[in-house]
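K.L.:
The residues making up each chain are set out below.
2 protein chains.
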Amino acid sequence: MIRIIVDCYGGDHSPQAQVEGAIAALREHDDLCLVLTGDEAELRSILDGQGTYDRDRISVVHAPQVIGCNEKPTDAIRLKKDSSMMSAVRLLREDDDIAGLVSCGSTGALVAASMLRIGRVPGVIRPAFCPILPTMAGGIVGICDTGANVDITPDHLVQYAVMGSLYLQKVYGIAEPRVALLNIGVEAEKGDDLRRRAYPLLQQTPGIRFVGNMESRDLLSGNYDLVVTDGFAGNVLVKSAEGTCLEMLKKLKKDICSRTLYKLGALLMSRMFKEEKAFMNYQNYGGSVMLGCAKVVVKGHGSSRASAVARCIDQCYRMKREQLSEGIEQAIAHCPTEQSASQNEAPATVG
Amino acid sequence: MIRIIVDCYGGDHSPQAQVEGAIAALREHDDLCLVLTGDEAELRSILDGQGTYDRDRISVVHAPQVIGCNEKPTDAIRLKKDSSMMSAVRLLREDDDIAGLVSCGSTGALVAASMLRIGRVPGVIRPAFCPILPTMAGGIVGICDTGANVDITPDHLVQYAVMGSLYLQKVYGIAEPRVALLNIGVEAEKGDDLRRRAYPLLQQTPGIRFVGNMESRDLLSGNYDLVVTDGFAGNVLVKSAEGTCLEMLKKLKKDICSRTLYKLGALLMSRMFKEEKAFMNYQNYGGSVMLGCAKVVVKGHGSSRASAVARCIDQCYRMKREQLSEGIEQAIAHCPTEQSASQNEAPATVG
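Residue numbers (my numbering), protein chains in the order written: chain X, 22 to 372; chain E, 22 to 372.
What the hints contain is simulated information worked out from the structure, not anything from laboratory work.
Warning: the hint list may mix true and false statements.
Repeated chains share a single entry, so a pair holds when one copy, or any two copies, can fit it.
Derived pair list, reagent style DSS-like, types lysine-lysine, alpha-carbon separation capped at 30 Å [said to hold, decoys possible]:
(1) Lys-260 with Lys-101
(2) Lys-260 with Lys-272
(3) Lys-341 with Lys-102
(4) Lys-341 with Lys-260
Owing to the predicted nature of the structure, the values given are computational and were not obtained by experimental measurement.
Extracted from the complex, chain X is given alone in its bound form (with noise of 0.2 Å):
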């Protein structure tokens, strides 16, 4: 049986989304448990009128604070230690059987709170945020890290790639993950010195297929599966990309609404525009996970309705269930590290 708990607040729309999902997701599985975190008889009330499923494998743990996602994360922390996030996160620290956390909750106090409270896999210098996003070529891309940690060194990036590198083999079932190292130029010279440092120890790695250096015009391409990268700057990749799909679709609509002869075209579009709109909303291909945590913990977009909030538990289902953990853990044994790699360099000094 794997033990999953959702956090049943702070989405857009919680706590319905995520009690519909939590049913849907199990539904899907027969050997998952979930473990629900928030009022508990809103919670029991919402159950309720959810029809028939296992009452078995679902439970309320009651938790009547609720983090909003403008809170300073170290205070929600410290504050609200019943909301439904912090005893969700306690939950996952506290209790060996549960496997991993769901949350539509603000971003900061669940990173904050899963890389203070939660631990790491052994070997891990840091856990390391990585979300999803499709490429217009169909596919996804991954990358990692954008925001968990901002200052970071060669040896951080080398366990991106491992760690997101198994991630994508094990989830989405992409064999030989092409791993790109995000920097201003193809080039191996280019960039600052983390990337000049970087890249050599990537080409190094064992057991991921490093392709090179990519540039930020290309996360789109299809041409990459896994970008590394530090916590700044994949943080600004990941938004300026969100925020430009986000702007250019208010702008078409906007000059679509300016005079009738485009409204009469984007009828006859409809249908497409559908497509476009389910295509760019980033809901539809899961959540973004803490790589590297003791325990699985999945983040799913604030605004998530029912179906992506299935979509993060199943995603939390598989990555236990493919032992994600216990693979990176091996993998991170065979990293080379800037210590290892100017040793093997070293020439012979025995006398």
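Assemble the complex: chain X is given as a structure, and chain E must be docked to it using the hints.
P.N.:
Quick look at chain E alone, frame taken from chain X:
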């Protein structure tokens, strides 16, 4: 008389677009003189076909080599001394009467040559690259820096804010440009060490309107006039926005072509799509300038047509006419630095 050099090679439509753009600019400004660099015979033959214009205000300097956009900048500078770009840079450096240079050639080579050969406005630590993008609100936004300097201090960011503000005031007529610091969250304490140290310094900088941190998703929102950032994150930001726009338009086009019904709809909207395309075309917003160079350097887009080249020349002309360099020199003298700020804060120690 304002004298400007036009590097006529290295662009996608060189040298035809450069020559035609030069003639257009010449007709626009009576007090403009242009020097064209490149293959003299070819340039003269194109000039001969341009109808009537004031031939006394245009001259040609023979420079037969061309720098390709994939050549390593340092090699290009060292080995292609007779290229149209390096001849232009040499002229700019040596001739006191020449105010600026417009080139649509290799960005890397132009930035490197400007940094190494042209020198800085007194007080400027390092010149920085500042492109302009259209916002979805119909205005523009400048981003400084996008790749000239990847390892920087808070003092650099303060200078970018001052130089960029003056540039937007003098060349684009924005009275009080809203300056934002690119970060991974809007709160003052967000980001890495560089951002946290730069924030209070930007608050103390006289003559700029600092509005705080911004996230990359808001780049095109129209809420900011100038974004200051290190060259690495700035490069990621701009190329990610451009790349996403291009990939989206490509996908839209492909999807429209997939069904006759959509093609019909698009036909009704053809004027809108045309306007959309012109709007997204960054050629229409002028070139990127190297702020803080002792002389004006404008980099036009590689795909520039004649009108875009003329616009870059006009931009260069206005920067000289409005005495941007002199303004920058005066403003930089009043910039706080980390050192001056810490001295102001230190308690008096006079015994």
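K.L.:
Which holds for Lys-341 with Lys-102 at a C-alpha limit of 30 Å: within a copy, between copies, both or neither?
P.N.:
within (26 Å within a copy, 61 Å between copies)
K.L.:
Check Lys-341 against Lys-260 for me: Cα-Cα at most 30 Å, and say if that holds within a copy, between copies, both or neither.
P.N.:
Answer is within; shortest intra-copy Cα gap is 28 Å, inter-copy 37 Å.
K.L.:
Pop the pair Lys-260 and Lys-101 into one bin, within, between, both or neither, using alpha-carbon distances up to 30 Å.
P.N.:
within (28 Å within a copy, 40 Å between copies)
K.L.:
Regarding Lys-260 and Lys-272, is the shortest C-alpha distance of 30 Å or less found within a copy, between copies, in both, or in neither?
P.N.:
both (18 Å within a copy, 20 Å between copies)
Checked against the numbered hints above, the structure violates none of them.
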